[in-house]
Amino acid sequence: MKISGHIVDVRNRRIFDGEIRMEGNKIVSIQETNQVADQYILPGFVDAHVHVESSMLVPSEFARLAVVHGTVATVSDPHEIGNVLGVKGVEYMIENGRKVNFKFYFGAPSCVPATTFETAGAEISAAEVDYLLQKPEVKYLAEMMNWPGVLYGDETVRQKIESAQKAGKPIDGHAPGLRGEQAEKYVKAGMSTDHECFTADEARDKLKHGMKIAIREGSAAKNFDALVELFGEAPEMLMFCSDDKHPDNLVEGHIDQLVKRTLAKGFNLFDVLTAACITPVDHYSLDVGTLQTGDLADFIVVNNLQEFNVLATYINGKAVAERGKTLIPRVDNEIINRFDCAPVSAKQIALKATGREVQVIEAMDGQLITNSLWLPCPINAEGMAVSDPRKDILKMVVVNRYHKARPAIAFIKNFQLKEGAIASCVGHDSHNIIAVGTNDEDLARAINLIIESQGGVSAVGSDNEMVLPLPVAGIMSAEDGYVVAQKYTAIDAMAKKLGSKLNSPFMTLSFMALLVIPKLKLSDKGLFDGESFSFTNLFRN
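In terms of numbering that gives the first Met the number 0, the sequence shown opens at residue 0 and continues consecutively.
Source of the hints: derived by calculation from the structure; they are not laboratory data.
Each hint should be verified, as a subset may be incorrect.
Stated by the list, open to error - Just the calculated beta-carbon pair ranges, DEER-fashion: (1) E251 / E451: 27 to 33 Å; (2) G23 / Q305: 30 to 36 Å; (3) R13 / R329: 53 to 59 Å; (4) K417 / R329: 44 to 50 Å; (5) E451 / T535: 30 to 36 Å; (6) K324 / R260: 43 to 49 Å; (7) S344 / G231: 54 to 60 Å; (8) E180 / D16: 49 to 55 Å; (9) Q181 / F15: 31 to 37 Å.
Heads up, the beta-carbon is just placed ideally off N, CA and C, and yes, glycines get one too.
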């Protein structure tokens with residue numbers, strides 16, 4: 000097979016007219032020639048850090064959507080399914096990814112459960128991490144969120160780090176806000192990347208110690224604008240990632256969007272493409288071609304270097320997408336899950352006020368971090384703490400999905416629902432059920448819709464209710480990815496019709512139980528201060 004065009008040789012930083020000849024899954028020759036098709040050929044894009052589970056799609060369906068945008072590989076942390084099903088869940092992701100012509104590379108989850116302050120469905124021990132690191136598809140130790148454990152020599156953390164180092168595989172970091180001497184110590188302990196930088200100064204602090212920075216732009220966390228200026232300072236140390244990408248956003252675009260936005264700001268073409276196509280391949284030792292003779296035939300075709308519209312994507316020498324259409328066929332997807340949760344009643348989530356003020360989580364649109372606010376507690380005539388939509392103080396509930404337990408309750412601001420409730424079983428990191436609502440009856444109904452579906456996202460209004468079932472581990476669908484995206488678009492629209500002004504209400508909701516990101520979050524065990532790393536009071540006088 001042959002293909003010709005203007006070849007963008009990113010490794011050697013030049014563009015020339017040429018013809019590529021392939022045999023089987025490899026490039027056997029690249030020859031310069033004068034008469035070529037008027038199209039540009041370049042290496043495929045790599046998402047340098049993503050939780051495939053957050054797309055609500057199993058890997059085989061994620062691949063069908065991603066290739067349309069020129070993505071040929073992902074560096075995927077199966078941490079989410081690991082928290083539900085342990086090693087069995089990680090192996091499910093590997094096996095499902097093998098069913099399609101796409102390059103999934105996984106990490107061995109380093110922090111399952113993420114903390115001891117929440118209930119997860121499984122644990123992945125140091126021995127199991129070592130077992131996973133022996134697999135060829137497992138290329139790294141996934142994000143080490145337990146940075147205190149790294150700094151203070153936790154024995155289990157040390158064992159996991161040593162397993163990765165013995166296997167010769169890199170370690171991903173996860174240390175939002177870590178600066179100065181602590182950042183230096185964290186990097187020197189072996190952490191090689193971070194995707195959690197919120198400011199350029201924080202990133203610079205980590206870059207100077209040799210850590211690579213993955214610029215993240217997902218459905219909820221958006222750090223591109225804060226970090227893109229680093230292309231003028233240390234482009235060789237940068238990568239692009241989505242971290243968490245909902246299905247409707249994946250239909251719209253992927254790493255290609257970040258490439259276009261960076262180029263539009265005037266940064267060097269080869270610097271940008273190195274971050275998108277080369278640095279992840281080299282850093283993680285991925286079996287992905289970078290458009291050199293002898294490489295695997297993984298590349299994309301674009302119309303020009305201004306619009307950067309992807310015309311075709313090739314993986315292992317075969318076309319997997321052409322002109323906006325996926326060529327990867329659907330496959331059968333097994334359903335696996337862990338769910339043991341009884342329906343809840345409005346009475347079970349009623350809460351007596353024990354103080355005049357309540358500590359409220361302030362959600363931030365486009366960020367995973369939250370603030371803590373002490374506000375006058377909305378109290379009804381019976382002395383119960385209730386939602387007050389007029390002041391945008393709404394009740395939030397987390398329900399343990401793994402065994403019967405009393406629901407945890409807190410209050411949150413910035414969801415701006417005027418009526419009804421929304422709920423999700425995508426609740427990082429442990430994926431218990433998390434809900435926000437204007438009244439207890441609608442909250443209970445939204446939660447129970449998820450219980451009935453054994454996982455999913457739901458929305459309940461005064462005259463309507465919707466649920467998107469996610470029966471694979473309670474967090475993914477086995478349906479056609481494009482169908483899931485349409486259903487998600489509809490339920491997202493309903494959440495906004497209920498009043499939410501958030502860009503992605505369900506994605507933001509999913510992070511309100513993420514204890515490892517400060518400041519204030521809610522686990523199934525109670526209200527949690529992510530800075531002191533301890534439970535905190537809900538009420539005060």
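Structure-based check of each hint:
Between E251 and E451 the beta carbon distance is about 30 Å. The supplied range of 27 to 33 Å therefore holds. Checked against the hint of 30 to 36 Å, the pair G23 and Q305 passes, with Cβ atoms roughly 34 Å apart. With their beta carbons about 40 Å apart, R13 and R329 fall outside the hinted range of 53 to 59 Å. The supplied range of 44 to 50 Å is broken by K417 and R329, whose beta-carbon atoms lie about 39 Å from each other.
Under the hint 30 to 36 Å, the C-beta atoms of E451 and T535, about 33 Å apart, fit the expected range. Range check, K324 to R260: about 24 Å between beta-carbon atoms, so the 43 to 49 Å window is missed. Between S344 and G231 the beta carbons are some 57 Å apart, a value that agrees with the proposed interval 54 to 60 Å. Between E180 and D16, the C-beta spacing of about 52 Å keeps the proposed range 49 to 55 Å intact.
Roughly 47 Å separates the CB atoms of Q181 and F15, a value that falls outside the hinted 31 to 37 Å.
In this structure, the hints that do not hold are numbers 3, 4, 6, 9, in rising order.
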